[in-house]
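S.K.: Sequence:
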Amino acid sequence: MKLVVAIIKPFKVDEVREALSEAGVAGVTVTEVKGFGRQRGHTELYRGAEYVVDFLPKCKIEVAIDDDRVDQVLETIVQVANTGRIGDGKIFVIPLGHAVRIRTGETDARAI
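In the numbering used here, the protein residues as written are 176 to 287.
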């Protein structure tokens, strides 16, 4: 099992969620986060005053999946979340040692 963590632009969340659902992904967790990558934020102008925005709004999507579905999920996220501009995001794949469905007590692959 793997945990796929994707950091993407907020306006792409609904499209990615729908595409993952069509690909057969049963559950997705979405969290609003702030951060920066290589772009290091940007400068904005508000009422004549210039200020630096260090942390940009992003969304973190987490999906727990079986090992054999990793490539399909990665491909789906990359295709849908890609705008071709800086700040499109990153995807991390993390080994998932154990999973438990609280309601039924099912474990590992049966729990996801």
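Rather than coming from a laboratory, the hints here were simulated on the basis of the structure.
Treat the hints with care, as some may be off.
Pairs of lysine-lysine residues, derived as BS3-like cross-links and limited to a Cα-Cα distance of at most 30 Å, are as follows [claimed, not checked]:
| id | residue 1 | residue 2 |
| --- | --- | --- |
| 1 | Lys-235 | Lys-187 |
| 2 | Lys-184 | Lys-265 |
| 3 | Lys-235 | Lys-184 |
| 4 | Lys-209 | Lys-235 |
| 5 | Lys-235 | Lys-177 |
| 6 | Lys-187 | Lys-265 |
| 7 | Lys-265 | Lys-177 |
S.K.: Compare the structure with each hint and give your call.
M.R.: Structure-based check of all given hints:
1. Restraint check: the Cα-Cα separation between Lys-235 and Lys-187 comes to about 11 Å, which is no more than 30 Å; the hinted pair holds.
2. Of the pairs offered as hints, the one joining Lys-184 and Lys-265 holds, with about 10 Å between alpha carbons and a cut-off of 30 Å not exceeded.
3. A hinted pair counts as satisfied when its Cα atoms are at most 30 Å apart, and Lys-235 with Lys-184 qualifies at roughly 9 Å.
4. For the hint pairing Lys-209 with Lys-235, the CA-to-CA distance comes to about 9 Å; that is within 30 Å, so the pair holds.
5. As the CA atoms of Lys-235 and Lys-177 are separated by approximately 16 Å, the hinted pair is consistent with the 30 Å bound.
6. Taking the CA atoms of Lys-187 and Lys-265, the gap is near 13 Å; set against the 30 Å cutoff, the hint holds.
7. Between Lys-265 and Lys-177 the CA atoms are separated by roughly 16 Å; this keeps the pair inside 30 Å, and the hint holds.
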